[in-house]
Amino acid sequence: MNNILDDLKTENNFAFGKLYKENFSKILSFVKNNNGSKIDAEDLFQDAMLVLVEKLRQDHFLLTASINTYVYAICKNLWFKKLRSRNFELSIDEIQSYHFQESINESIENEKNYSEKLKGYLLKITNHCSKLIHDIFFNEKEIDQIQKDYGYSSKHNAQNQKHKCVQQIRKIKLEEEKLKKNNSIG
4 MNNILDDLKT
14 ENNFAFGKLY
24 KENFSKILSF
34 VKNNNGSKID
44 AEDLFQDAML
54 VLVEKLRQDH
64 FLLTASINTY
74 VYAICKNLWF
84 KKLRSRNFEL
94 SIDEIQSYHF
104 QESINESIEN
114 EKNYSEKLKG
124 YLLKITNHCS
134 KLIHDIFFNE
144 KEIDQIQKDY
154 GYSSKHNAQN
164 QKHKCVQQIR
174 KIKLEEEKLK
184 KNNSIG
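The letter at position 106 of the sequence shown is residue 109 when you use the working numbering, and the numbering goes up by one with no holes.
Watch out, some of these pointers could steer you wrong.
Cut-off 30 Å, straight-line C-alpha distance, at most; resulting in silico cross-link-like pairs (DSS-like, lysine-lysine) [what the hints assert, rightly or not]:
(1) 122 with 134
(2) 158 with 181
(3) 41 with 181
(4) 183 with 120
(5) 183 with 29
(6) 165 with 184
(7) 134 with 21
(8) 41 with 127
(9) 183 with 158
(10) 120 with 165
(11) 183 with 144
(12) 29 with 184
(13) 21 with 151
(14) 134 with 24
(15) 41 with 184
(16) 29 with 151
(17) 183 with 134
(18) 151 with 181
Rather than coming from a laboratory, the hints here were simulated on the basis of the structure. Everything numeric in this text was worked out from a predicted model, so none of it was measured.
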């Protein structure tokens, strides 16, 4: 991992290409799901690369998550800032602010906690549902792809199966919360 970080600091095109290949589809999906276009996602990714390189060059910077999680968090925060500003303009000062770094760290932590909890639930549901939920939420497969991969006759059937699997997780979550509540009372 240090090699890619060093390559990014020196603006090595191969390193940027690797990050693009590993992250862009996830970022594109996020932007499209939040009122954006492919062009918006491309611009956002470029902005994120500028922020990333600038952060990597700071002496006190310490990467506490995977580079891909960090890139995603930067993109997410930049995009939400753009959505909040009516004219879609960001100043460099805003990007460099301490508050921005804090919100990235918070996003990374929330994403880690969410992922860890979801992975825990996946161990407690049926194997079929575990695989399906993993493909949807971690591999970010679209429902069309799920339909093909799992041999469902329609998108509707794929959606229904997803719903049933999510219900398994909800049931386990409620049982755990109930148990936790009972343990704290007694």
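Okay, which hints does this one fail, numbers in order? 2, 3, 5, 8, 9, 11, 12, 15 and 18
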